[in-house]
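Residue numbers (our numbering), protein chains in the order written: chain V, 3 to 446; chain Z, 73 to 694.
These are computed hints drawn from the structure, not numbers from a lab. Take these hints with a grain of salt, some might be off.
[Unchecked claim] Some chain Z residues judged to face chain V by a derived CB distance under 7 Å, without partners named:
{"id": "1", "residue": "Leu125"}
{"id": "2", "residue": "Ser158"}
{"id": "3", "residue": "Ser162"}
{"id": "4", "residue": "Gln573"}
Here the structure is a predicted model, which is why all the values come from computation and not from measurement. For every residue, glycine included, the Cβ atom is placed at its ideal position computed from N, Cα and C.
Listed here are the chains, written in short residue letters.
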Amino acid sequence: MIEHDTIVAPATPPGVGGLAVVRLSGPQSGDILKALDSQHRPPKHRQATFLRLEDSTGLIFDDAMATFFRSPNSYTGEDMAEISCHGNPLIVQQLVSSCCTRGARIADPGEFTKRAFVLGKMDLIQAEAVASFIEAQSLESTRLHHRLLRGDLSTRLVALKTKLMSLLQSVEYALDISEEEIEPGFLPGLLKDTTSLDRSTSNLLATYQRGHLLTFGATVVLTGPPNSGKSTLLNRLSNSERAITSPDPGTTRDFIDVQFTLEGIPVTLIDTAGLRESRDSIEEAGITRTRTLMKDADILVWIQSATDKSPEELSLPKKPDIVLLNKSDLLDSSMKNTDPNVLFISALYGDGMEAFKSKLLKNLGGAPLLSSGVALTTARQHAALISFQRPIRQSLTILHSPNPSLELISFEFRDALESLDVLLGKTTPDDIIRAIFSNFCVGK
Amino acid sequence: MKHEEFDILVVGGGHAGVEAASIAAYLGRKTALITMDLRSIARMSCNPAIGGLAKGQIVREIDVLGGIMGRFADWAGIQFKILNRSKGRSVWSPRAQVDKRLYEQGVQRHLSRLKNLTLIAAEVVNFIDARGQIEGVILSDQTRIASRNVILTCGTFLNGLIHIGRQKIRAGRMGESAANGITEALHARGFSTGRLKTGTPPRLDAATIDWSLTKPVRGDDNPVPFSYRSHNFDPPNVLCHQVYTSESVHEIIREKLIESPLYSGDIHGTGPRYCPSIEDKVYRFAHHSKHLIFLEPEWTGSRQIYANGFSTSLPEDVQLEALRKIPALKNVEFLRPGYAIEYDFIPPRQHKNTLESKALAGLFFAGQVNGTSGYEEAAAQGLVAGINAAARSAGTEPLILGRNEAYIGVLIDDLITKDTVEPYRMFTSRAEFRLLLRFSNADARLLSHAKRIHLLPQKEILFLETKQNLTRAVDACLNTSLSPDEMNPVFVRSGTKQLTQKQPARALLKRPEIRISDLPIVFPDFPADWGSWLKNEILSEAETEVKYEGYIQRQWEQVQKSRRHEKISLPAHLDYSGLLGLSNEAREKLSAIRPQTLGQAMRIQGISPADIAVLSVYLVRK
Numbered sequence: 003m004i005e006h007d008t009i010v011a012p013a014t015p016p017g018v019g020g021l022a023v024v025r026l027s028g029p030q031s032g033d034i035l036k037a038l039d040s041q042h043r044p045p046k047h048r049q050a051t052f053l054r055l056e057d058s059t060g061l062i063f064d065d066a067m068a069t070f071f072r073s074p075n076s077y078t079g080e081d082m083a084e085i086s087c088h089g090n091p092l093i094v095q096q097l098v099s100s101c102c103t104r105g106a107r108i109a110d111p112g113e114f115t116k117r118a119f120v121l122g123k124m125d126l127i128q129a130e131a132v133a134s135f136i137e138a139q140s141l142e143s144t145r146l147h148h149r150l151l152r153g154d155l156s157t158r159l160v161a162l163k164t165k166l167m168s169l170l171q172s173v174e175y176a177l178d179i180s181e182e183e184i185e186p187g188f189l190p191g192l193l194k195d196t197t198s199l200d201r202s203t204s205n206l207l208a209t210y211q212r213g214h215l216l217t218f219g220a221t222v223v224l225t226g227p228p229n230s231g232k233s234t235l236l237n238r239l240s241n242s243e244r245a246i247t248s249p250d251p252g253t254t255r256d257f258i259d260v261q262f263t264l265e266g267i268p269v270t271l272i273d274t275a276g277l278r279e280s281r282d283s284i285e286e287a288g289i290t291r292t293r294t295l296m297k298d299a300d301i302l303v304w305i306q307s308a309t310d311k312s313p314e315e316l317s318l319p320k321k322p323d324i325v326l327l328n329k330s331d332l333l334d335s336s337m338k339n340t341d342p343n344v345l346f347i348s349a350l351y352g353d354g355m356e357a358f359k360s361k362l363l364k365n366l367g368g369a370p371l372l373s374s375g376v377a378l379t380t381a382r383q384h385a386a387l388i389s390f391q392r393p394i395r396q397s398l399t400i401l402h403s404p405n406p407s408l409e410l411i412s413f414e415f416r417d418a419l420e421s422l423d424v425l426l427g428k429t430t431p432d433d434i435i436r437a438i439f440s441n442f443c444v445g446k
Numbered sequence: 073m074k075h076e077e078f079d080i081l082v083v084g085g086g087h088a089g090v091e092a093a094s095i096a097a098y099l100g101r102k103t104a105l106i107t108m109d110l111r112s113i114a115r116m117s118c119n120p121a122i123g124g125l126a127k128g129q130i131v132r133e134i135d136v137l138g139g140i141m142g143r144f145a146d147w148a149g150i151q152f153k154i155l156n157r158s159k160g161r162s163v164w165s166p167r168a169q170v171d172k173r174l175y176e177q178g179v180q181r182h183l184s185r186l187k188n189l190t191l192i193a194a195e196v197v198n199f200i201d202a203r204g205q206i207e208g209v210i211l212s213d214q215t216r217i218a219s220r221n222v223i224l225t226c227g228t229f230l231n232g233l234i235h236i237g238r239q240k241i242r243a244g245r246m247g248e249s250a251a252n253g254i255t256e257a258l259h260a261r262g263f264s265t266g267r268l269k270t271g272t273p274p275r276l277d278a279a280t281i282d283w284s285l286t287k288p289v290r291g292d293d294n295p296v297p298f299s300y301r302s303h304n305f306d307p308p309n310v311l312c313h314q315v316y317t318s319e320s321v322h323e324i325i326r327e328k329l330i331e332s333p334l335y336s337g338d339i340h341g342t343g344p345r346y347c348p349s350i351e352d353k354v355y356r357f358a359h360h361s362k363h364l365i366f367l368e369p370e371w372t373g374s375r376q377i378y379a380n381g382f383s384t385s386l387p388e389d390v391q392l393e394a395l396r397k398i399p400a401l402k403n404v405e406f407l408r409p410g411y412a413i414e415y416d417f418i419p420p421r422q423h424k425n426t427l428e429s430k431a432l433a434g435l436f437f438a439g440q441v442n443g444t445s446g447y448e449e450a451a452a453q454g455l456v457a458g459i460n461a462a463a464r465s466a467g468t469e470p471l472i473l474g475r476n477e478a479y480i481g482v483l484i485d486d487l488i489t490k491d492t493v494e495p496y497r498m499f500t501s502r503a504e505f506r507l508l509l510r511f512s513n514a515d516a517r518l519l520s521h522a523k524r525i526h527l528l529p530q531k532e533i534l535f536l537e538t539k540q541n542l543t544r545a546v547d548a549c550l551n552t553s554l555s556p557d558e559m560n561p562v563f564v565r566s567g568t569k570q571l572t573q574k575q576p577a578r579a580l581l582k583r584p585e586i587r588i589s590d591l592p593i594v595f596p597d598f599p600a601d602w603g604s605w606l607k608n609e610i611l612s613e614a615e616t617e618v619k620y621e622g623y624i625q626r627q628w629e630q631v632q633k634s635r636r637h638e639k640i641s642l643p644a645h646l647d648y649s650g651l652l653g654l655s656n657e658a659r660e661k662l663s664a665i666r667p668q669t670l671g672q673a674m675r676i677q678g679i680s681p682a683d684i685a686v687l688s689v690y691l692v693r694k
């Protein structure tokens, strides 16, 4: 957990670049900054200053700019410094080790954000959003996570909490202060307010599917008999020549994947080895892996040639979500399609691509977010909100029963409150906090 | 005058003091109770009632732990009622109108008959101590009384200051002088003190009230006593009366608000939010067009009527003018005006969970001096302090009640852990394990403690054991399977689903509309001399255990979860200022409160989960 020492780590990725940024956080940040340049004056809050970096022998190894942040007005809430040096990995390494010889230690993954959380600069939801924000694969995803980072989702959850608190207070008032019998309008009012709370919770839960997709993306697996045009489709969707195509069946032996975005959802499209009885052990290995992939896919797309009247009987690990009949250009136009899950396309000429994309989107589900909307993004958030809703629902059941017992409603409300606190990280057990921050990389 | 040495000295003869003295003497310790006026021992200085929401549960707990409040409330009670009947079983709370005179007479007689107890009329002004251990007290005439265990229960007497409008009177209670010197003696020994205020309503002359314009209220027809020792319980059921304030009453109060010391700034102590004065009610709940006032007799046939709900520190003429706007009180006269009192209290964060102070070994604090409000809260602390001073004197284990065991456990843990910013009153919602803390299972919860410490005579222990065996026997009867023939007539009456095959009575009792009395089961015989309330209580408890089974189970799971933290103890001399990573607030509070366990640390206001994480890591590393 938190130490009161000072940590250091590069905040920019390893490799050569114009600049690199090294971050320091902890009470010694200011002293270390001063020690890095013997000429340096005491650092001032939020002021960038020029620094001539010296190693421990006094040898100057780079010129840099450093910005100092005074606690509590920094990212972590501690004294912090951000040093921009030249983007040579050797210089970065030397800077980090110079900080270490002056009392800092190398940060653990996610430790900067963990400190920000522990010192109350952000709640757990905001902390979770940091990693997702940096790794977001689409603009829409970055926008969502920026809103989360800003605290928009937390605000929504705090609003739920406030509402529940006021309901709990009214119940406790009836139990604890008022020595008179329950007023006639009290229970109907409580039922109405609890129902509306349940509805707000459902609305928020409904955002999870889209939020999760925006954060973690979707996997679409293409499969079908050899030579049905999977690779052609893949090249078409990603506008590239990523997959080698040839008229010979079995050209693709391993998976090839491409990324594209659908309404902001990062989609990984995987082209699998064609399924057929193989005579080739390499191809066979490919087929085994294909089956695993198909099982885990968000959407499984079966593709076959439209001219292939009797498709090969192949056992798939699950029923395909979408069936594509390719090479529609070879068909006569009288063919009619009545099944909504079956689409005619021509991967070669690009016919039916828009229909396929909107079909994908529809199958991925989740209402698109408004430009200012927030969404649940992680399984943890979803699970915690479900365990918030469960006791709310239970209290509705009690309220619908004859002679509802207020003390039991209070019990359920308190249970619900606890789930919200876990969600916001107000009462999160240490092990959960540790697990969340271990998914970070160093420097965040 | 020369006094011999005592095992235990109790300073103060209020509800905390009498419980402390009574139990310490009962436990065989040589005890003395010192109070300024022996005639005011056990005085009910405010409302003529005992019990009420959450307080009634406390009185039951006091009873099982060998205290006297319940017994004498039953003896002096003139109207009994279970409050919250419509709101759920754990919040059912017994309350009684009590004849104040009878109550103090009863307690005084009881104390005078205790063989290990000496009553001393004197004023304590200072302490004798050496090397952090209390050695005795010094009286105002400089007499010294030696004892290595002193329980301080001075109520509102420490530098007490009464306010009636702009008028100020130095007093501990109306007509009784304040205690001066103790606060300063405590300061000299490193204690900090704070200031609180409380109030009391005017006492009205019964002959000047038009009773025909009030609404009479009766008690329960089947009264339930507080004490399990009240075997032959047949109390009177006298009437109380209700009236309401009106806008014209509120207008006068609003107009004269500036003359209330609460609003003019004369009173610096903080008052209770929960027992607000009438000027508070009018000011803060401006949208309420009326407030309820109970007119309660202070004793049987009393001419003095307590205006419950009209606590005030307005000038006497304003109190009178406002009350006279109520039709029934058009010609009312006072026997005594309402007043507010400010007093010193010792923030109880300075005590251990035994109520012994951390700073001075052997010095215990109990009651209103710890910043609480209410007779019951005071009595509970007095009892615990008495038991623990006796244990300390005898070298035995103290009594520390868990938050899942008793309201008294919640009370003391809250006192030593939380900031006291206003007089502390118990509420059922303060108990996170409320569903387990029913007044009707106080015996089941606390009997083991009573047995271990010998708090009750053997006869009473046997009686309570019989009661529990019968409760278990009743529960065993619920395993009987009932056939459709037996049950369907009941279900037809209640209009619910009929049976098609046999089912255990236990399952049928879970239906919300079925009561245990609806079940055609022959329950075991109860002893012939038991009152009907006792049989009803046993049946009702068995019923509650079944109906609430799932919730009680969940509540126990929560208890288990919290126990993990209660088991982790924090070193007594931990240097929080040197523990890096703690917030400043945490450092300050932890150093001041010095929690005994991690669980207690978690309940301190202002301690965040992050601070707890720092502590956990420190404990693991250590």
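- Which hints, by number, does the structure contradict? Of the numbered hints given earlier, the structure breaks just one, which is hint 4.
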